[in-house]
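From first to last, the protein sequence lines stand for chains A and L.
Heads up, the first sequence is in the numbering used here, so the first residue is 1 and it goes up one at a time.
Heads up, the second sequence is in the numbering used here, so the first residue is 1 and it goes up one at a time.
Don't take each hint at face value.
Unchecked claim - Here are the computed lysine-lysine pairs in the DSS-like style, where the Cα-Cα straight-line distance is at most 27 Å:
| no. | chain 1 | residue 1 | chain 2 | residue 2 |
| --- | --- | --- | --- | --- |
| 1 | L | Lys-95 | L | Lys-206 |
| 2 | L | Lys-44 | L | Lys-206 |
| 3 | L | Lys-206 | L | Lys-36 |
| 4 | L | Lys-260 | L | Lys-206 |
| 5 | L | Lys-206 | L | Lys-96 |
| 6 | L | Lys-206 | A | Lys-149 |
| 7 | L | Lys-255 | A | Lys-149 |
| 8 | L | Lys-293 | L | Lys-44 |
| 9 | L | Lys-36 | L | Lys-255 |
| 10 | L | Lys-293 | A | Lys-198 |
| 11 | A | Lys-120 | A | Lys-198 |
| 12 | A | Lys-149 | L | Lys-36 |
| 13 | A | Lys-120 | L | Lys-5 |
| 14 | L | Lys-156 | L | Lys-255 |
| 15 | L | Lys-44 | A | Lys-149 |
Unchecked claim - One side only, chain A facing chain L, incomplete, derived with CB under 10 Å:
| no. | residue |
| --- | --- |
| 16 | Ile-116 |
| 17 | Phe-128 |
| 18 | Gln-137 |
| 19 | Leu-187 |
| 20 | Val-193 |
| 21 | Lys-198 |
No wet-lab data here; the hints were simulated from the structure.
Backbone N, C-alpha and C define an ideal beta-carbon position, used for all residues, glycine too.
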Amino acid sequence: MTVTAVKNAAPASEEPVKAAKHRNPLRFGVLIGLLVLLLLVVAPLLVVAINAVKSPSDYASNGPLSLPGHLYWDGIVNFWNRVNFGQKLWNSFFTSLVVAVLAVVVSILNAYALGIGRVKGRIWFLVFFLVANLLPQEVLVYPLYYLSKQVGLYDSLWSIIIIFTVIQSAFGTYLLTSVYAEFPTELLDAASVDGAGKWRTLWRVVVPVSRPTLGVLFTFFFIWTWNEFFLPLVFLISNDNQTVPVALGVLQGDRLMDATTTSASALIGILPAMLFFVIFQRTLTRGITAGAIK
Amino acid sequence: MAGKKGYAVYLIPGVILSVAIIVVPLIMTVYTSFTKWNGVGDQKWIGFDNYTRLFEDELFWSSFGHILLLIVAMAVVPTLLGLVLAAVLFDYVAKKFSNRWASLFRSGFYLPQVIPVAVTGIVWGWILHPDYGALNKILDSIGLSGLARNWLGDPKYALYSVMAIMIWFQLGYPIVMFMSGLQRIDPSLYEAADLDGASLWQRFRKITVYMIRPEFYVVLVTTTIAALKIFGQIFVLTGGGPSNATLVPSYFAYKNFFEKAQVGYGSAISTVLTVIIIVLAFVFLRLQNRAEKAGA
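With the sequences and hints as input, model every part of the structure.
This is the structure:
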């Protein structure tokens, strides 16, 4: 909704903009300053990209800033095969997807009881979920590590899936409860007049109406889980179970990593994230705004 | 208000999961912090010994000292810089050029935030590598080889290098938050300011900063907490080294848990960290509430 507000505002300010364009010669100074800053921010990623497709000999003779003489894919291909990167991509994708779905479902159920049902003691539940959000993972990690070994889930993707479902849904519950607290009562009343029970009302009325917010939560949970490092590092020790960040992170300082291989590995770590960024950009920007209201 | 009947059943899955994954482990860690335990065998109750040891441990104090500097790099600098940049983008670039330019800049600055922290660690670890890293090669090629350093490997510079990286990493988050907050501002406020002949600084102070106080608090709290929790970048960039120059509490706890098998001591470190984070969050919340009441 904020996005449309800006679009509507733009044409109205067209006239003074034109007048100002002629009056202010400094305005390109501001733009150039911002462009330089932007270049500084993006430069590390650009440097990684050009060196990921450069042959080691090209790098040795021409350095990191020259464009590659020819496109050299061997660095990426070799690295991909060496770490079995397809497997890591699948592990990350599967974990993030399942966590995002389950965490959204748990958030819906919690928020339905707290935001719409206003169950007794809901303030304390909300305080609990707020504190759960704040906890550093270090304070949970050792018992979880110990318990997962007891129940045979250590070094299994499911350990990570269960843990992150709970951690992400703590945030989701907190955010969604405030959304559901404002849920239009007319819709709920209409559903109950139609004879719908609580279960039906939830899935036929509440969930469809709040779909935009749920989409934002899903996006957040997916990307956050994809980017997680600490717990997957502890729990996923065998090669076949590693996620992308863990696989790349533990290879740092490895003897086999030279300059171009390292940038190749960084590039294939960056690309999926960029892809999500492009796909989800609209939801993401809206979602960050939603996070601000919490 | 009294609760409506029949909704509590919807909390059951969430409560069971939270108890198993959050409540029980939390209690176990706090309990373990009062014991001596290497992860196998019996836990031996030793009272406050881990805590007294902690407060005498130089590494513990220096890890919190490092966190203070990282709060500057991850919370203070990005928030202030982000505030200025968001105001320039919203109030100047979007109006004098176009919204498209403003959102292009916003996306560009936000880019480092979407990349997994472990991967940003790899990117910078490579750029700052003393032998084959891009930065030293660039300094060489423009005749400034005297400035080349072992950026992450020299205890004198390692923490400052990490701080610079964290500013780069965090900057986009406040910009996005503040720009979305600015969209709430009624344009007529700015028009009125123009009519009254307000200076750019006055516009910034009296309208921009004033109107986005809620976002300002949220950004400051979340980035400060993120700084207290930092782990991934430290693990990948420096491993807490060289000679503990970049050691942070979370990594300190990790080392005690999984490298030294001093689980009781690691639990004490993470318990202290947790208490600090929760106290800080509630102090911030109080301040925010008070500021909102004063504003209303």
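Here's how the hints hold up against the structure:
A hinted pair counts as satisfied when its Cα atoms are at most 27 Å apart, and Lys-95/L with Lys-206/L qualifies at roughly 19 Å. The suggested pairing of Lys-44/L with Lys-206/L is violated, with an alpha-carbon distance near 59 Å, which exceeds 27 Å. The suggested pairing of Lys-206/L with Lys-36/L is violated, with an alpha-carbon distance near 56 Å, which exceeds 27 Å. About 54 Å separates the Cα atoms of Lys-260/L and Lys-206/L, which puts this hinted pair outside 27 Å; it is violated.
Straight-line distance between C-alpha atoms of Lys-206/L and Lys-96/L comes to about 21 Å, which keeps the hinted pair within the 27 Å bound. A C-alpha spacing of about 57 Å is found between Lys-206/L and Lys-149/A, which places the hinted pair above 27 Å, so the restraint is violated. Note on Lys-255/L and Lys-149/A: the hinted pairing holds, with a Cα-Cα distance of about 19 Å set against a maximum of 27 Å. Proposed proximity of Lys-293/L and Lys-44/L is contradicted: the alpha carbons are some 50 Å apart, above 27 Å.
A threshold of 27 Å between alpha carbons decides the hint, and for Lys-36/L with Lys-255/L the separation of about 16 Å falls inside it, so the pair holds. Taken as a hint, the Lys-293/L and Lys-198/A pair is broken in the structure, with Cα atoms around 37 Å apart against an allowance of 27 Å. Pair hint Lys-120/A plus Lys-198/A holds up; C-alpha atoms about 17 Å apart against a cutoff of 27 Å. Restraint check for Lys-149/A and Lys-36/L: satisfied, since their Cα atoms lie roughly 20 Å apart, inside the 27 Å limit.
Distance restraint check for Lys-120/A and Lys-5/L: the Cα-Cα separation of roughly 9 Å lies within the 27 Å cut-off, and the hinted pair is therefore satisfied. Proposed proximity of Lys-156/L and Lys-255/L is supported: the alpha carbons are some 23 Å apart, at most 27 Å. For the hint pairing Lys-44/L with Lys-149/A, the CA-to-CA distance comes to about 21 Å; that is within 27 Å, so the pair holds. Given the 10 Å rule on beta carbons, the hint for Ile-116/A holds: about 7 Å separates it from the nearest Cβ of chain L.
Hint status for Phe-128/A: holds, given a least beta-carbon distance of 7 Å to chain L, under 10 Å. At about 8 Å, the closest approach between the beta carbon of Gln-137/A and any beta carbon in chain L falls short of 10 Å, and the interface hint on this residue holds. The beta carbon of Leu-187/A is not positioned within 10 Å of any beta carbon in chain L (closest approach about 15 Å), and the interface hint is therefore violated. A cut of 10 Å between beta carbons decides the hint on Val-193/A: the least distance to chain L is about 16 Å, and the hint is violated.
With a cut of 10 Å, the hint placing Lys-198/A at the interface with chain L holds, because the nearest CB-to-CB distance is about 6 Å.
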